[in-house]
Each structure stands twice: as structure tokens, then as C-alpha cells.
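From first to last, the protein sequence lines stand for chains A and B. Sequential numbering of the first sequence, starting at -3, is according to the working numbering. Sequential numbering of the second sequence, starting at -3, is according to the working numbering.
The reader is advised that the hints may include incorrect statements.
[Stated by the list, open to error] With a straight-line cut-off of 16 Å between C-alpha atoms, the simulated EDC-like cross-links for lysine to aspartate or glutamate are:
no., chain 1, residue 1, chain 2, residue 2
1, A, Lys249, A, Asp208
2, A, Lys184, A, Asp68
3, A, Lys153, B, Glu98
4, B, Lys153, A, Asp96
5, B, Lys153, A, Glu98
6, A, Lys16, B, Asp11
7, A, Lys16, A, Glu136
8, B, Lys16, B, Glu136
9, A, Lys16, A, Glu40
10, A, Lys14, B, Glu136
11, A, Lys153, B, Asp96
12, B, Lys16, A, Asp11
13, B, Lys14, A, Glu136
14, B, Lys184, B, Asp61
15, B, Lys249, B, Asp208
[Claimed, not checked] Over the 10 Å line for every Cβ pair with chain B, so calculated as not near, a few chain A residues:
no., residue
16, Arg67
17, Gly112
18, Arg190
19, Ser253
[Claimed, not checked] Here are some chain A residues pointing at chain B (derived, C-beta under 7 Å):
no., residue
20, Ser100
21, Asn102
22, Gly104
23, Lys128
24, Leu132
Derived by calculation from the structure, the hints in this document are not laboratory data. Backbone N, C-alpha and C fix where the C-beta goes; we use that ideal spot for every residue, glycine too.
Chain by chain, the residues run as shown.
There are 2 protein chains.
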Amino acid sequence: MKIASNIRELRAALDAHKGKSLGFVPTMGFLHEGHLTLVRRSREENQLTAASIFVNPTQFNDPEDLARYPRDLPADLGKLEKEGVDVVFTPTAEELYPKDTEISINPGHLENLLCGMSRPGHFRGMLTIVSKLFNLVRPERAYFGQKDFQQFLLISKMVADLNFPITLRMLPTLREKDGLAMSSRNAKLAPAERRQAPELYRSLEMGRDLIDAGMEDALRTVAASMEYLIEHTSFEIDYFSIVNPITLEDLEKVSPSTPYLMAVAAYLGSTRLIDNILHYPPAG
Amino acid sequence: MKIASNIRELRAALDAHKGKSLGFVPTMGFLHEGHLTLVRRSREENQLTAASIFVNPTQFNDPEDLARYPRDLPADLGKLEKEGVDVVFTPTAEELYPKDTEISINPGHLENLLCGMSRPGHFRGMLTIVSKLFNLVRPERAYFGQKDFQQFLLISKMVADLNFPITLRMLPTLREKDGLAMSSRNAKLAPAERRQAPELYRSLEMGRDLIDAGMEDALRTVAASMEYLIEHTSFEIDYFSIVNPITLEDLEKVSPSTPYLMAVAAYLGSTRLIDNILHYPPAG
Chain A
-3 MKIASNIREL RAALDAHKGK SLGFVPTMGF LHEGHLTLVR RSREENQLTA ASIFVNPTQF
57 NDPEDLARYP RDLPADLGKL EKEGVDVVFT PTAEELYPKD TEISINPGHL ENLLCGMSRP
117 GHFRGMLTIV SKLFNLVRPE RAYFGQKDFQ QFLLISKMVA DLNFPITLRM LPTLREKDGL
177 AMSSRNAKLA PAERRQAPEL YRSLEMGRDL IDAGMEDALR TVAASMEYLI EHTSFEIDYF
237 SIVNPITLED LEKVSPSTPY LMAVAAYLGS TRLIDNILHY PPAG
Chain B
-3 MKIASNIREL RAALDAHKGK SLGFVPTMGF LHEGHLTLVR RSREENQLTA ASIFVNPTQF
57 NDPEDLARYP RDLPADLGKL EKEGVDVVFT PTAEELYPKD TEISINPGHL ENLLCGMSRP
117 GHFRGMLTIV SKLFNLVRPE RAYFGQKDFQ QFLLISKMVA DLNFPITLRM LPTLREKDGL
177 AMSSRNAKLA PAERRQAPEL YRSLEMGRDL IDAGMEDALR TVAASMEYLI EHTSFEIDYF
237 SIVNPITLED LEKVSPSTPY LMAVAAYLGS TRLIDNILHY PPAG
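Pulled out of the complex, with its shape left as it was, chain A reads as follows:
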């Protein structure tokens, strides 16, 4: 496995394999099974797999959140090596954002919805770093997890609107045995918080069950799920929404025969967790 800590080394590492199909897994490190599943899928579909580890400062609206984001580069490199990754890109912020960098990607109106409400600038920073990494790595395919669904939706839109020659894959969220969505941020939970954390997914499942049982009023479903969370946990809810999975607009009516995204973001102490259920009616 070639570790490229700057752009020149990345170029050299990739040029050595010119002509091979290339899959790419961009990450912020502190890797878990969710990331490794993306890597495995890339390895299946491409002759070469590159990953990046970069905690991108411009997508953090809160400097404290950036400072406390978990990091463990040696462990990450060990995991990627074991998975057979060919090239890992571990750039510095100084190299990716030299002085006077200011051109960015404008995400359009979706940046103001869901996670964008409480994280101003997050999606602009995220799309800008993804476009930079796409230009630097030039993959044929790139892999993302469903937990960050809004992120995937915006990257899909960017790839379409700006004609990036890249195929995107979104893979299902991986979960711990108790249902908690895998996330690097889980490492920040205190033991008591960790015990409560699976309730976040349980509140989503409860909402889905209500819809399956015939509750059509989206707001009532949301209210029931939120009430469950508030009563049984110390989660502080940022948002809990049932939306159209393309436009991210709130749905008034919902049923098992309509596509919907049920998405939640909530704080346990100072750790912000997100999760979602994406529902598409079975075909036929």
C-alpha cells in the first residue's frame, strides 16, 4: 500500500497504475466497518482502490467540533492495508487550502435543509473538498455510506450538474449489534451515552412501524418518534423529519407505498449523531 502524504506523491502513486479502473473511498478517518465495507466494494468493482483520510476543516462550522473529532492515523492505515487498498492519500490542510483559496462549490437550496439548518457552510465545505479530491484522484467510481444521506444526495447533484465523469455508489448504513449506526463520532460517547445511543435508531424504526401500520400523517409520526426519544433518553433533538428523498421537502402524507426519507439528528451531550431510514416502495 502506497501512502501519499502530499499531492505530488499521490500523482506518482496513481500514475504508476495508469489505465486501471480506479475506485475511491474518501473518509475523515477513524475508520469503522462501514468505511471498510465501502473499501471492499471498491475492491470488487475496480482494479485499483484509493482511499483518503482528511478531516476537512472547511466543513466544520464549529471549531470545537473539529478539534474533538476523533483521529487515529496509524490504526486507520493498518486497517486499509489489511483490506488491500492500493493508495491512501493523507494530505495536510495547508496543502489543500493554501492562502487565498476562495473558490468553492455553491450547493444550491438543498444546503439549507436538514443538517444544513444547524451546520451553516457545512455542505459548501463538504462539496468543495469532494470536488477537489475527485479532481486529484480522478476515480471512475466513488463510494459513500447511506448514514450521510444528504451528503450523498448533494454529491450526486454536484456530479450531475457539473458533469463529473464519476459513478457514485451509496451503500447501506452499517450498524452495531444493538442497532446504533456506525460512526466515528460514536467513540466520543461516554459509557452512559453509548448505552442510550441505540434509541436513536429505535425511534426511526418506531416511526417506520407507525407508517407501516397505516399512520399517514407525517407530523404525527414524527411527534410520536420524538416523544419516545425525549421520554426515554437524554437526546437533544436537532431535527426529526420525514421528507421526499429527492427534494428533501417535508412530506405531509406518508405511506409504505410512497418513497420517503425519515432522518434524525440529535445530540447526546456534545456529540451529534445522525441516522435515517430510506424507504422506497418495492417495485411491481
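Assemble chain B onto chain A, guided by the hints.
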């Protein structure tokens, strides 16, 4: 010469030459010798040359300006064929901007200076189409004329800030025998306007001569050049500026030993013309 009128045809035409170095000349058509010089340079430096002809609606702030922009696709294709261009991309606006397109490039503060002042949204639209064309064509080198210096500066900044793997070349402005900078818009000038048009470049030369003769006050130089234009022509001046060629900020003091860009935009009737002199002190 392969003419690709949609993205699928472009992909097929370029894939047929995979592995060859590719130069790209993006244009809005109505080609003149300036464009053809860019094509020739690309042909010298690359194994394959692609050009595009697309009057990009999103960079026109004025619908009337868009409607009256000159077009002559058959003549353009004849010229490109004669120059030995390999692939010409002539997309439709419908294909490049499907419904709901909204992700764009944010140009940063330079978009508000010089031409940006009177053309709100112009540079955002321009950078967005250039990024789309770069992603579609994926050239190693791209060629632009100095007449649109601010455009080139912004594209350079985008390529740097977003890490596009593309080398840019700016070639000197080509001029008619009387000094008028070649421009597709010159075709819109009435005969009486066309006779006055070379005075635009003359006013720039006069400013440069004043600087060469020791006038250090940039505003006085600008004032003298503007006065010349106003007295001798019916140009209506949009701006006349002497600026730092990197930051585009106004210079107070100027001399032959400082780098400067002297740039002008002015209307003859309803036709907006631009021109500039870019001065870098001789090395040594």
C-alpha cells in the same frame, strides 16, 4: 473532424483516442483569428485537439445581449476543420442545463471587480460552464485569450483552488491591422462604430505611454485616457482601471517597473467591447 452534438457523442469521439494528450479550446463560436491561434497552439502541444462551441446562457446577465450574440455554426465548423481540429463539441443548452440544475461555482471576491461590476452573475456562470466542459472533455491543456484577462485569472484560480488536473495557457490578444482587439462582438458594430472602435486600444496605448513617460499617478493616467476616449469617440465607458494583475485591486502608483493591468470596458451603441494591456517589467 468529429462533430459531437451531445455528451454521448463527445464521450465516444474522445474515447476513440484514449491515451493521447488532449488540448482544449472552449469558445462561444463566431470564430476569428484569435480563436484559431489558440487552436494552432493546442495542435502544436497536444496529440489531439478538441474545441467547443457553446453560447452559454448562464453567463449573460442581459437576455438581449444573449439574443444578439453573433452565431455562425457552419462557418465555425469549416474553420475548425481547416485547422485540423479533431473533435468539436456543439452541445445544446437543454443538455448542459437540464431542469433543476443549480450547483454552481462560487468565484469568490474577484467576481465583483472590473467586468463583474456591470455583469452580475457573469463570472459564476462562466466558471460553472468551464468546470462542466473541463469535466466533460478532460483535457490536459486548455487555451484562452488575453482579451478576457479577468476570465483567465478566475479560471486559473478555479483550477488551482479546486485542483483541476489541467494546464492553462493564455495567449496574447490578436488585433486587426488598426489595433482593434479581435472579438466576435466586433461583427455587431455598425460601420461608423467600427471606424471608431480602434480608439479603445489607442486609449490604452496612450495610458501606457504616459506611464512610460513617468506619470506615476494611476488615477491621472486613467483620467487622461478616458478624456481622450470621451472627446474623440462616442464610446460610453463602463470602467477604465489600472490594477494589480493578481488581485485586480486598483493601483494608486504605477510605473514601468511595476506589474499592472490596464483594462477598459466600453459601449459603442449597444455593443460592449473590452480590451487591456498587461504589463510585466522585463526580467533582470
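Here is how each hint holds up against the structure:
1. Distance hint between lysine 249/A and aspartate 208/A is fulfilled; the C-alpha atoms sit about 13 Å from each other, no more than 16 Å.
2. In summary, the hint linking lysine 184/A to aspartate 68/A is supported, as the alpha carbons are separated by about 13 Å, within the 16 Å threshold.
3. Under the criterion of a C-alpha separation no larger than 16 Å, the hint pairing lysine 153/A with glutamate 98/B is consistent with the structure, at around 9 Å.
4. Distance check on the hinted pair: lysine 153/B and aspartate 96/A sit about 9 Å apart at the alpha-carbon level, within 16 Å; holds.
5. Distance hint between lysine 153/B and glutamate 98/A is fulfilled; the C-alpha atoms sit about 9 Å from each other, no more than 16 Å.
6. Proximity of lysine 16/A to aspartate 11/B is assessed by CA-CA distance (about 15 Å); at most 16 Å being required, the pair is judged to hold.
7. Distance hint between lysine 16/A and glutamate 136/A is fulfilled; the C-alpha atoms sit about 10 Å from each other, no more than 16 Å.
8. Restraint check: the Cα-Cα separation between lysine 16/B and glutamate 136/B comes to about 10 Å, which is no more than 16 Å; the hinted pair holds.
9. Among the hinted pairs, lysine 16/A with glutamate 40/A is consistent with the structure: their alpha-carbon atoms are about 13 Å apart, no more than 16 Å.
10. Between lysine 14/A and glutamate 136/B the CA atoms are separated by roughly 15 Å; this keeps the pair inside 16 Å, and the hint holds.
11. Taken as a hint, the lysine 153/A and aspartate 96/B pair is honoured in the structure, with Cα atoms around 9 Å apart against an allowance of 16 Å.
12. With a CA separation close to 15 Å, the supplied pair lysine 16/B and aspartate 11/A stays within the 16 Å bound.
13. Among the hinted pairs, lysine 14/B with glutamate 136/A is consistent with the structure: their alpha-carbon atoms are about 15 Å apart, no more than 16 Å.
14. With a CA separation close to 11 Å, the supplied pair lysine 184/B and aspartate 61/B stays within the 16 Å bound.
15. Restraint check for lysine 249/B and aspartate 208/B: satisfied, since their Cα atoms lie roughly 13 Å apart, inside the 16 Å limit.
16. No Cβ of chain B comes within 10 Å of the Cβ of arginine 67/A; the nearest lies about 23 Å off, and the non-interface call holds.
17. The beta carbon of glycine 112/A sits about 14 Å from the closest Cβ of chain B, which is more than 10 Å, so the claim that it is off the interface holds.
18. Residue placement check: arginine 190/A keeps its beta carbon more than 10 Å from all beta carbons of chain B (closest about 37 Å).
19. Consistency note on serine 253/A: stated as away from chain B, and its beta-carbon is indeed over 10 Å from all of that chain's, at 24 Å minimum.
20. Given hint, serine 100/A at the interface with chain B, holds; its Cβ is 5 Å from that chain's nearest Cβ, closer than 7 Å.
21. Because the beta carbon of asparagine 102/A sits about 5 Å from the nearest beta carbon in chain B, less than 7 Å, this interface hint is met.
22. For glycine 104/A, the interface hint holds, the least distance from its beta-carbon to any beta-carbon of chain B being 3 Å, beneath 7 Å.
23. For lysine 128/A, the interface hint holds, since its Cβ comes within 7 Å of a Cβ in chain B; the closest pair sits about 5 Å apart.
24. Checking leucine 132/A against chain B by beta carbon gives a least distance of about 5 Å; that is within 7 Å, so the hint holds.
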